[in-house]
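*Asks:* Chain A is already provided as a structure; the job is to place chain B on it using the hints.
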Amino acid sequence: MVEWTDFERATIKDIFSKIDSGVVGPAALSRCLVVYPWTQRYFGKFGNLYNAAAITSNPNVSAHGKVVLEGLTLAVQNMDDIKATYAELSVLHSEKLQVDPDNFRLLADCLTIVVAAQMGKDFTPEVQAAFQKFLAVVVSALGKQYH
Amino acid sequence: MTSLSAKDKDTVKTFWSTVSGKAEDMGADVLSRMLVVYPQTKTYFSHWKDLSPSSAQVKKHGKTIMAGVGEAVAKMDDLTAGLLNLSQLHAFTLRVDPANFKIISHNLLVVFAITFPKEFTAEVHVSVDKFLARVSYALSEKYR
Numbered sequence: 001m002v003e004w005t006d007f008e009r010a011t012i013k014d015i016f017s018k019i020d021s022g023v024v025g026p027a028a029l030s031r032c033l034v035v036y037p038w039t040q041r042y043f044g045k046f047g048n049l050y051n052a053a054a055i056t057s058n059p060n061v062s063a064h065g066k067v068v069l070e071g072l073t074l075a076v077q078n079m080d081d082i083k084a085t086y087a088e089l090s091v092l093h094s095e096k097l098q099v100d101p102d103n104f105r106l107l108a109d110c111l112t113i114v115v116a117a118q119m120g121k122d123f124t125p126e127v128q129a130a131f132q133k134f135l136a137v138v139v140s141a142l143g144k145q146y147h
Numbered sequence: 001m002t003s004l005s006a007k008d009k010d011t012v013k014t015f016w017s018t019v020s021g022k023a024e025d026m027g028a029d030v031l032s033r034m035l036v037v038y039p040q041t042k043t044y045f046s047h048w049k050d051l052s053p054s055s056a057q058v059k060k061h062g063k064t065i066m067a068g069v070g071e072a073v074a075k076m077d078d079l080t081a082g083l084l085n086l087s088q089l090h091a092f093t094l095r096v097d098p099a100n101f102k103i104i105s106h107n108l109l110v111v112f113a114i115t116f117p118k119e120f121t122a123e124v125h126v127s128v129d130k131f132l133a134r135v136s137y138a139l140s141e142k143y144r
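Going down the list, the sequences are from chains A and B. Heads up, the first sequence is in full-length UniProt numbering, so the first residue is 1 and it goes up one at a time. Heads up, the second sequence is in full-length UniProt numbering, so the first residue is 1 and it goes up one at a time.
Where chain B lies over chain A, by a calculated footprint (3+ residues, C-beta under 8 Å): (1) 26-36; (2) 104-116; (3) 122-132.
Just so you know, the hints here were simulated from the structure itself, not pulled from any lab data. Being a predicted model, the structure only gives us computed values, none of them experimental. Beta carbons are placed, not taken as given, at the ideal position from N, Cα and C, and that holds for glycine.
Just chain B, same shape as in the assembly:
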């Protein structure tokens, strides 16, 4: 399920090149959606004063997350090696329960659909979904 075909990789790269211009705005939207729709995720941000969509911290962190997605797109051919540092960060420092990767992936898909309804066809959706599953897997590699 999580092995990407050549077509998947192509589809994701093309879609990303279309959407990456709006990455920053989308990142903030993804994060604030996650905090509202899945309130349990707020437990990872108890050190933030303001969890609203307009908060500077939310915007900044949304940008960081999208940069991570962009990095994954660039390193698509070997995600395990390419995302090694990020996996270590999530496993040992952040200790985010990997169940949350599915949650953020879902919100990425929702934001893609909202921001690029025409481009986010069913075929793009399946390739992006597979890609995000593969990214989540790579991020979980160092956990245990």
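Excised from the complex, chain A in its bound form:
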């Protein structure tokens, strides 16, 4: 089981209480599709992903970014058992969506950058460490059911 310090728990809850999932989710997903264009392979049905402008203004990307971020709040609410909480989502991503789990790490990196940009100086090294630890646990849990 993952051990969280009081600081880490407080930091994660604080970050997620402050960010707007309708803004951060779409920003992170669209950034991922731009910075790591091969991730677009999963979004063939989304329409125009031809360039950065198209990706950022694509309503399907925005909607899905919001879904992804809302999925993350599930982990925030269940920090003591993210693995079990995400068992179903892991099966979904492996069996139905067939996403290479390495892509979770790429999206997590983009989310870190977006949250950093939003929080500015408040995204201290200690906050960054807590946030990245949280995302690493999420990424690991999402990959658990792959076989």
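*Replies:* Only chain B this time, still in chain A's reference frame:
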């Protein structure tokens, strides 16, 4: 993946000219972040007394690192030749495991995003990420 298009080079040069004024502060931030978020990197600095962000050694070394990045920007058209000395330094003297180049690159991106949120768009991000990957590769050339 790591070949830079003309557009990438242009984007990086333009971004660097915008941000280089704050290079020193950013360098200290990059380094102290790395030491906190990736504690295994502290193993390379066991000879420093103070690893906190306010430490004179951290600030000085952050400045050195950013100067290296600036040098890479200037020598972007032939990084292998341009960073030869730095590669030799990292390979034979410092013997930094090249896996750490990815770590410091990530922290550079985080600090760019924090310090210049408006300018560090997704398009700038991808070009800078590619550039840093290319720099890391050039720095690893002399390892073996």
